[in-house]
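Asker: Here the protein sequences line up with chains A and B, keeping their order.
So in my numbering the end of the first sequence lands on 550, straight run, no missing numbers.
So in my numbering the end of the second sequence lands on 425, straight run, no missing numbers.
Think of the hints as simulated: they come from the structure by calculation, not from any bench.
As the structure is a prediction and not an experimental result, all values here were calculated from the model.
One or more hints might be untrue.
Stated by the list, open to error - DSBU-like cross-link-like pairs, simulated, lysine-lysine; straight-line CA separation at most 35 angstroms:
id	chain 1	residue 1	chain 2	residue 2
1	A	LYS422	B	LYS34
2	B	LYS306	A	LYS134
3	A	LYS253	B	LYS7
4	B	LYS413	A	LYS305
5	A	LYS328	A	LYS134
6	A	LYS328	B	LYS306
7	A	LYS134	B	LYS413
8	A	LYS482	B	LYS413
9	B	LYS7	B	LYS413
10	B	LYS307	A	LYS328
11	A	LYS422	B	LYS7
12	B	LYS28	A	LYS422
Claimed, not checked - Calculated from the model, a selection of chain A residues having no Cβ within reach of chain B, i.e. all distances over 12 angstroms:
id	residue
13	ASP316
14	ASP434
15	PRO489
16	ARG498
Claimed, not checked - What follows is a list of derived Cβ distance ranges for each label pair:
id	chain 1	residue 1	chain 2	residue 2	range
17	A	PRO310	B	LYS7	24 to 30 angstroms
18	A	ALA375	B	GLU61	24 to 30 angstroms
19	B	PRO120	A	ASN114	42 to 48 angstroms
20	A	GLN327	B	GLY303	25 to 31 angstroms
21	A	VAL240	B	LYS270	48 to 54 angstroms
All residues carry an ideal CB built from backbone N, CA and C; glycine is no exception.
One-letter residues, chain by chain:
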Amino acid sequence: MPLEREVYKELESVVGPEHITEEPATLFSYAYQWMAELVPDVSGGGKFFDRPEAVLVPGGVEEVQAIVRLCNRYGLKFHVYSTGWGPWAAPPSGGQILLDLRRMNRILEIDEQNMFAVVEPYVVAAQLQAEAMKRGLNVHISGAGAGTSVLANACCFQGGGPDCIYFDSPQNSILSIEWVMPTGDILRTGSLGSGLGWFCAEGPGPSTQGIIRGALGGSGGWGVVTKIAIRLVHWPGPPVMPIEGTVPAYRTKLPADQFRATFPAFPSWQSFADAIYHIYDSEIGYIAHRQYVMWGDELQAAFLKIVSDPDRQLCDLEELLHMPEIQKLTDEMRRCFQLILVGMTPRDLEYQLKVLDRILEQTGGWNVALVNEPAMQQYVLLYMMRLCFKNLNFTATGGFIDTYNSVASPDIWASGEIEAGKKLLKKYAGRIADAGDQAMGPIAGQGGGGVTGWEDFLFYDPHDPDSVQAAIEVSDEGDRLKAQQGRPPGGMLLGLARTTHTEEKVRAQKLVHAREYQWQRKLKQIFDPNGIGSGNYLWAAEPSTNGEST
Amino acid sequence: MGLEDFKAMVHRCSRCSYCKWIPFAHVKSWRFAKGCPSIEYHSFQSYSASGRLCISLALLEERISCFDEGLPDIVFKCMLDGCCDVACKVCRYDLEPLEVMRNLRFRLIDNGCFPIQDIPLIDNLRKEDNMMMARKADRANWAAGLSLKDLTTEKADVVLHVGCRLSFDEELWRIPQTAVTLLLDAGVDVGILGRDENCCGGRLYDMGYRGEFLKYAENNIDAWRNAGATTVVTTCSDCYHAFKRLYPEELHAPMNVLHITEFLEQLIAKGKIAFKKSLPLKITYHDPCHLGRRGEPYIPWEGRQKKIRGQILVYEPRKPRNNGACGVYDAPRNVLRSIPGIQLFEMERNREFAWCCGAGAGVRERYPEFSFWTAGERIEEAYATGAEALVSACPHCERNFLDALDQRGDSLKVFDVLDLVREAR
Ligand code: SF4
Ligand code: SF4
Chain A
1 MPLEREVYKE LESVVGPEHI TEEPATLFSY AYQWMAELVP DVSGGGKFFD
51 RPEAVLVPGG VEEVQAIVRL CNRYGLKFHV YSTGWGPWAA PPSGGQILLD
101 LRRMNRILEI DEQNMFAVVE PYVVAAQLQA EAMKRGLNVH ISGAGAGTSV
151 LANACCFQGG GPDCIYFDSP QNSILSIEWV MPTGDILRTG SLGSGLGWFC
201 AEGPGPSTQG IIRGALGGSG GWGVVTKIAI RLVHWPGPPV MPIEGTVPAY
251 RTKLPADQFR ATFPAFPSWQ SFADAIYHIY DSEIGYIAHR QYVMWGDELQ
301 AAFLKIVSDP DRQLCDLEEL LHMPEIQKLT DEMRRCFQLI LVGMTPRDLE
351 YQLKVLDRIL EQTGGWNVAL VNEPAMQQYV LLYMMRLCFK NLNFTATGGF
401 IDTYNSVASP DIWASGEIEA GKKLLKKYAG RIADAGDQAM GPIAGQGGGG
451 VTGWEDFLFY DPHDPDSVQA AIEVSDEGDR LKAQQGRPPG GMLLGLARTT
501 HTEEKVRAQK LVHAREYQWQ RKLKQIFDPN GIGSGNYLWA AEPSTNGEST
Chain B
1 MGLEDFKAMV HRCSRCSYCK WIPFAHVKSW RFAKGCPSIE YHSFQSYSAS
51 GRLCISLALL EERISCFDEG LPDIVFKCML DGCCDVACKV CRYDLEPLEV
101 MRNLRFRLID NGCFPIQDIP LIDNLRKEDN MMMARKADRA NWAAGLSLKD
151 LTTEKADVVL HVGCRLSFDE ELWRIPQTAV TLLLDAGVDV GILGRDENCC
201 GGRLYDMGYR GEFLKYAENN IDAWRNAGAT TVVTTCSDCY HAFKRLYPEE
251 LHAPMNVLHI TEFLEQLIAK GKIAFKKSLP LKITYHDPCH LGRRGEPYIP
301 WEGRQKKIRG QILVYEPRKP RNNGACGVYD APRNVLRSIP GIQLFEMERN
351 REFAWCCGAG AGVRERYPEF SFWTAGERIE EAYATGAEAL VSACPHCERN
401 FLDALDQRGD SLKVFDVLDL VREAR
């Protein structure tokens, strides 16, 4: 239903006529999202979720605050996004306005000595990384890649990625925050709250990091985080990453005595898990991720050959798969991951390489020789360091989700879950891509290690209704199998797509047993008393003593 | 192909937004990371390649109509420069965002939904065969006094096509005049069609007027054949793109087509052009989109998309990717580097991911404010290199830079590659 003219006029007076629109074409462009077809209840099996009633592109915190206050006054729900990738970026239901934060795009400060940056929502990781590198620093990049918002990954979504082993998880890297609460009041947290600058998350001002971030981030439904300070780490490389190679197979040539991409591989899942413990204990590694298996253990070697060579295409896949050297490589890489070693000095790298050799010796592992080929070394270093090729997740079929995920201590790799995930995917092979084990994930989900895990990728064709249906079936079956073991659902992405597009009250009933979302209900009552957040902030209905919930 | 044929492609867009940026590998700064002028200027998602893909789908599904107010502006406020296309194809082998956007334009124009600004332009074109609001009779004024073959009556190996901009923009006449001098001095058998030279149609095509384009393309091909020419040389990047890509694609009429910088590169390599003077000048080179990423040769392909391993999408046989890898980037640079004294500094966004000058696909004519803003962004980037001059190889880029500089009260020098070659001889 279109906005009341009076409301539209007031919103327009905040952002100016050029930054608000109700044009149908533009509204549909905000409703289109990856995975929409997997939530047919809402999308009818097509590519569009509900469209917003109007889109506003505010230019700063004052405008955001004014908009949120108007929303409170008129009982108008609002949804907010920064780079806007994923089903949670579309408004969860009709009747809402959408705030696109793309004009709030500045890096406000890079404090070299205290190693942090202050950014607005539309600064993407590639930008901040490029600027940080000029100052000998680097920033965590979420698994979603270089094109996603630093702020949103840290405060509003899950945000983990391949580099957590050294960089730590983004939520642990947030320092002070400026947050326009769902009421329209502005809260400045940590040291910023006391007017002392951005350097500290936890006082001397109030600390509300957990409240702002919640269990999984508010995904655009929990006020508007307008600025954050984020911790940076050391970068011992050149101030500008040197890029070579022909599009699309770009590469970076970093000093070989300080940078090394490796592919540690193992004869068994137990030795794979053991090696992870050794890596945690020895504190080596800058980036550690099981990355390329997203294409499947049966295809990853061939895929890697294709994407790193400007003259190759996907039509070369079958030919490559028949080549004996690729078959050998496929076997060698079956249980491998990508480990990027970065020495703060050449001696440091030398030490880390020796440690890796020792770990491989102890576990019977090997470093897959492919990665030592100069062009491949340079390709992998660029891929992992900048995460600039993450849309390769979609290359095979145009669509992917995860299905049979696990997060746990390293022993999980040897628990049989990998094989179980592979078996599940094989059952549907044909309707989805037949690729084998697609368990892609971080070797360490937080700084120094301790927790690891994976997402079992699944490639489906969004244009093919049967493939779409298969993706839904696999995900549901995976969740059932996990439930039988008393484990949480395996498919995060479809789970979130569905959850964020389920009517708020219905969803609250479903989440009734989730303790974290019980807490979030209480927070919602305090921080969003008028219920104008879009609905993406998850909360659970209150369990009642008679077995019903409210 | 029509817009309907792109439905599968549109379903498979991942809405990743790579098309809004230069390839992320190449990001060197906060300032020059952006790739798409359209969304940078207009802010809403619909003003991006992925936004226009969504709009295409919404049109195909009849959720919106061509006649919706404001739709033409959303569709046409875009230079079709193709940076989005390159960035998308860094990861995607199955998407053609530029093709979809082009077909979206055809759909609108075919339905009579054009920006009102087009009316005088198209009226004049139909009468005078040029895009410059000028008289056909004046088309060859730039060549007055040059002893050149008239290919309406004579024959020559090479036809020099200078295009609408250079025919009528007096301030730039020195460019085709220099080209003629260089070619004649090098002993090339060259001529022009003079007053009978027609618009190449390339800009019309990008503006959505495919029918008009076809008319001009057919006329030009006939005229070249009648003149017995085996090679077409052009001083304009828009024309180059039209001849190199569009003519073979739309009319299956392959010609040997060279941009003047390619021809000069050959002549310099053969020692037919030599430099006597040193030009101590710090310059930066702007890749014209239609010579660079969009100037790749057209390679015919017939085949199909099939699925292997269940759902993996592949083309059979191998399909040319047109991802900017084979554009003309080195020829102009090699010419510039061969001039003594010249120091060439690269802008952050160069080659296949260069920022557009703002003039393409009718944006200069239809939306001058947006066009000059885009040029201004490039001028800032040129300044950031420390260069004293911005050099290009396309009169449309050069004119847009000159006008944007004028509007800014700015004095950065703007040259064509040919200007520097002339000065150094
Ligand atoms: S067009 Fe390409 S780059 Fe743009 S959102 Fe779609 S898949 Fe991504
Ligand atoms: S062609 Fe240029 S202006 Fe148009 S969407 Fe692509 S990058 Fe943007």
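Asker: Identify every previously stated hint that the structure contradicts and give their numbers, smallest first.
Answerer: 1, 2, 3, 4, 5, 8, 9, 12, 13, 14, 18, 19 and 21
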